[in-house]
Amino acid sequence: MFRSVLRSAVGAGVLVAAMASASAQVLEIGMDNGPTGLDPHLITAFPSFMVVNGNIYEGLTAVDKDLKVVPGLAESWTVSSDGKTYTFKLRSGVKFHDGTDMTAEDVAATIRRVQSKDIASPLASRLSAIEGAKAVDAQTVELTLKEPSAPLLSSLATIAVVPSETETNKDILQKAPVGTGPFKFQEWQPNGFILLAKNDAYWQKDTPKLSGLKFNIVPESATRQVGLTNGQYALLPNIDAATALQLKGKPNVTLGETLDLAYTLIGMNVSKPPFDNPKVREAVNYAINRQEIVDAALFGAGVPGGPLSPALKSWALAVKDFPCYSPDPAKAQALLKEAGVAVPVAVTMNVLPRQDVKDIAQVVQEQLNKAGFKVELKNQEQGQFIQDWRNSNFDMFASINAGSPDPDEYFYRTFRTGGSTNVFKYSNAEIDQLLDQARTQQDPAARKSAYDQVQKTLACSGPVAHLTYGTLFSAMRDKLKGYEVMPNRSLVTLKNASY
Amino acid sequence: MSRILLSRLIDLIVVLFGVSIIVFLMIRLIPGDAVAIMLGANTEITPERMAELNSRVGLDKPVVEQYLIWAGSALRGDFGTSLWTGRPVSTEILNHLWPTLELTILSLLIGAVLAVPVGCWMAQTRGGAADVAMRIGAIAGLTIPSFWLGIVLILLFSAFMPSFSSLGYVPFSEDPLGNLQRMTLPSVALALPILANLSRLVRSAMLDALGQDYVRTARAKGLSERKVIYKHALRNALIPFLTSVGIMTGYLLGGAIVVEQVFAIPGLGRLILGAIAERNYPLIQATILIVTAGFVVVNFLVDFLYVIVDPRVRA
Numbered sequence: 001m002f003r004s005v006l007r008s009a010v011g012a013g014v015l016v017a018a019m020a021s022a023s024a025q026v027l028e029i030g031m032d033n034g035p036t037g038l039d040p041h042l043i044t045a046f047p048s049f050m051v052v053n054g055n056i057y058e059g060l061t062a063v064d065k066d067l068k069v070v071p072g073l074a075e076s077w078t079v080s081s082d083g084k085t086y087t088f089k090l091r092s093g094v095k096f097h098d099g100t101d102m103t104a105e106d107v108a109a110t111i112r113r114v115q116s117k118d119i120a121s122p123l124a125s126r127l128s129a130i131e132g133a134k135a136v137d138a139q140t141v142e143l144t145l146k147e148p149s150a151p152l153l154s155s156l157a158t159i160a161v162v163p164s165e166t167e168t169n170k171d172i173l174q175k176a177p178v179g180t181g182p183f184k185f186q187e188w189q190p191n192g193f194i195l196l197a198k199n200d201a202y203w204q205k206d207t208p209k210l211s212g213l214k215f216n217i218v219p220e221s222a223t224r225q226v227g228l229t230n231g232q233y234a235l236l237p238n239i240d241a242a243t244a245l246q247l248k249g250k251p252n253v254t255l256g257e258t259l260d261l262a263y264t265l266i267g268m269n270v271s272k273p274p275f276d277n278p279k280v281r282e283a284v285n286y287a288i289n290r291q292e293i294v295d296a297a298l299f300g301a302g303v304p305g306g307p308l309s310p311a312l313k314s315w316a317l318a319v320k321d322f323p324c325y326s327p328d329p330a331k332a333q334a335l336l337k338e339a340g341v342a343v344p345v346a347v348t349m350n351v352l353p354r355q356d357v358k359d360i361a362q363v364v365q366e367q368l369n370k371a372g373f374k375v376e377l378k379n380q381e382q383g384q385f386i387q388d389w390r391n392s393n394f395d396m397f398a399s400i401n402a403g404s405p406d407p408d409e410y411f412y413r414t415f416r417t418g419g420s421t422n423v424f425k426y427s428n429a430e431i432d433q434l435l436d437q438a439r440t441q442q443d444p445a446a447r448k449s450a451y452d453q454v455q456k457t458l459a460c461s462g463p464v465a466h467l468t469y470g471t472l473f474s475a476m477r478d479k480l481k482g483y484e485v486m487p488n489r490s491l492v493t494l495k496n497a498s499y
Numbered sequence: 001m002s003r004i005l006l007s008r009l010i011d012l013i014v015v016l017f018g019v020s021i022i023v024f025l026m027i028r029l030i031p032g033d034a035v036a037i038m039l040g041a042n043t044e045i046t047p048e049r050m051a052e053l054n055s056r057v058g059l060d061k062p063v064v065e066q067y068l069i070w071a072g073s074a075l076r077g078d079f080g081t082s083l084w085t086g087r088p089v090s091t092e093i094l095n096h097l098w099p100t101l102e103l104t105i106l107s108l109l110i111g112a113v114l115a116v117p118v119g120c121w122m123a124q125t126r127g128g129a130a131d132v133a134m135r136i137g138a139i140a141g142l143t144i145p146s147f148w149l150g151i152v153l154i155l156l157f158s159a160f161m162p163s164f165s166s167l168g169y170v171p172f173s174e175d176p177l178g179n180l181q182r183m184t185l186p187s188v189a190l191a192l193p194i195l196a197n198l199s200r201l202v203r204s205a206m207l208d209a210l211g212q213d214y215v216r217t218a219r220a221k222g223l224s225e226r227k228v229i230y231k232h233a234l235r236n237a238l239i240p241f242l243t244s245v246g247i248m249t250g251y252l253l254g255g256a257i258v259v260e261q262v263f264a265i266p267g268l269g270r271l272i273l274g275a276i277a278e279r280n281y282p283l284i285q286a287t288i289l290i291v292t293a294g295f296v297v298v299n300f301l302v303d304f305l306y307v308i309v310d311p312r313v314r315a
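Chains as they are written, first to last, in this note's numbering: chain A, 1 to 499; chain B, 1 to 315.
Hint data in this document are derived by calculation from the structure and do not stem from the laboratory.
This structure is a prediction, so every number in the text was calculated from the model and none was measured.
Treat the hints with care, as some may be off.
[Stated by the list, open to error] Below are the BS3-like pairs computed for lysine-lysine, each with C-alpha atoms no more than 30 Å apart in a straight line:
{"id": "1", "chain 1": "A", "residue 1": "Lys313", "chain 2": "A", "residue 2": "Lys374"}
{"id": "2", "chain 1": "A", "residue 1": "Lys370", "chain 2": "A", "residue 2": "Lys320"}
{"id": "3", "chain 1": "A", "residue 1": "Lys209", "chain 2": "A", "residue 2": "Lys95"}
{"id": "4", "chain 1": "A", "residue 1": "Lys170", "chain 2": "B", "residue 2": "Lys61"}
{"id": "5", "chain 1": "A", "residue 1": "Lys89", "chain 2": "A", "residue 2": "Lys313"}
{"id": "6", "chain 1": "A", "residue 1": "Lys175", "chain 2": "B", "residue 2": "Lys221"}
{"id": "7", "chain 1": "B", "residue 1": "Lys231", "chain 2": "A", "residue 2": "Lys117"}
{"id": "8", "chain 1": "A", "residue 1": "Lys272", "chain 2": "A", "residue 2": "Lys378"}
{"id": "9", "chain 1": "A", "residue 1": "Lys68", "chain 2": "A", "residue 2": "Lys209"}
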């Protein structure tokens, strides 16, 4: 009796295993860190974004791999002539993972949720231009703006549409997200994995092809690499150059790459000497040799860059347009002399605890020391670094920042007088005026020329010396088809992938 | 007996109380506050919102008040909720406890069970080639770090047995075979230093015992060497062995952080590490308290084993 039960159990097990391998696959993904939460309006960390955005949730708009705005949950939109009213026509037949229809009321509730003081979403400032959101009918949403906002459509791509019931609930989506995306949340084992299952009711026909995504949390880099080479994992998304180079040429492994939106930078505190003097900041730029940084710290996988990522093809100026990007230590020393500061200029540089940033900081230290500075590196614990950053408690710092698809998202909060992340205390009337004007400007050409001017001013004497934009790699098994690396690190293209 | 039990219980309470205060104060001394860390460097949050978040997680109150609130509910068995996932801390700990328990038991089994015969053999062949070879092996076992051994094992298996899935964790209840398969390499990596340590210990204790009069008497009685060693000498050599096993169990229960990192096992070690990195105060406090309690309880059990092994302790 026992034996026959055992035998049939084994038989059933074999059968189930056979069925599983015959049907579509769950894609095994290896990532270094687990998400800390899954509420799309509350999360702040890269791992959370990678799991949530585009897979579980979608916005009214979306961005393609060139970061151009394309339709998302809204299939089309119109803008009033004064630029203050946006009318979105929603896609029909879109359902949330709980089976309810996605309607205009959900979109309006989403906007209110992000803006709500009680929810305290870090995304709120992206919607600061919106005065009101109302559902005209089930398929039409109207957004009214306080003033025209050029970056709005790009910002909306990052605002996940959630069911209206969750408008005032801070907890439920952190644990059990409900979106409209191609994959739905199934299981989360903290420090273990997050499992998403295929959304059979997805609005785009025959999508997704994969039967699910399993995000395995594997903190050790060597382990992830082995897992990919032996086929246990099919994809290591958004890895750095060092890891990618080690995986290059391994059998059955392909590397995908794109230029990263994220940039490395040296930030300078302009509220106190010596960096209150624009000439000293300009000297820093002349002292830095960006190509040398790319070669020494990024293994050649990257490019020197200015205030905007070269990935933003329609906005970024070429680095040759910035005179201070031709390394010239003698000129740097001359500028320090002009500035009248005591040479060598002794400063402390706080360093974000990431290997790539530490490497870059050491190269920069050496370059600056050759040009009349005396830089002391301060390797900090992450929490301490952030606290000092937030409180403007630094001379200068080395760090890496995620970029934004629209210039306004980065420039306005970082360089506008009183901007929310203007920790440098930078204030420049000309820049303020240009940023204000570009934000409400409807004419693309005029907007572009404003941002050209902003880039030129910021590049050499701004509070940030932008250093490099790295090449962003993903390593995958050859069998994985249809996945493309996105400059904003989104995994949204997995919906078209097959394995 | 009941008096011993009572005194141990009092010990446990005093230790837990002390540890809870130390942990509570220490994690608040780590620079960087919880809310600032969770918001990261890329957000655009106003001071008012930070204050609001602080009060939401109860971090705006004086430390003493925070401690009293926390201790009060902990006494009622409520360890609170994890700051950022909103899950009960007890569930989080329970989920991470099983992989650690399994790893502890398996690596102790491999290490301790092998250590006894190996140690006895070393003592028996004292000074011989086998003894010297094993002693060198033991030194190597002690000095090779587990995480390095872990990575080497992973690399070897992926090169020569690519079908052997060695990464991650599946619960035993879901897939017994897959579970044991994934547990093999980390258990071996953890067991090696245990084996090295314990076999050296058994060896020296055995050498000690073998020089005693009662062993000579046993041999004089004409007992087989096997009986002399395993029945008479070993029993006396077991006391330091048990003490070491107890201490090791305590350490292993705290989570073999590095091995868990290497093999991607969601155990207590990674829970604590992650909790510290994100300043998840309730989670850190509860986890360390549980680990401490485990340590004390294991040592208590070891004391009981002494009584069984050594009749003299009973007196």
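Violations among the numbered hints, reported as their numbers in ascending order: 1, 6, 7
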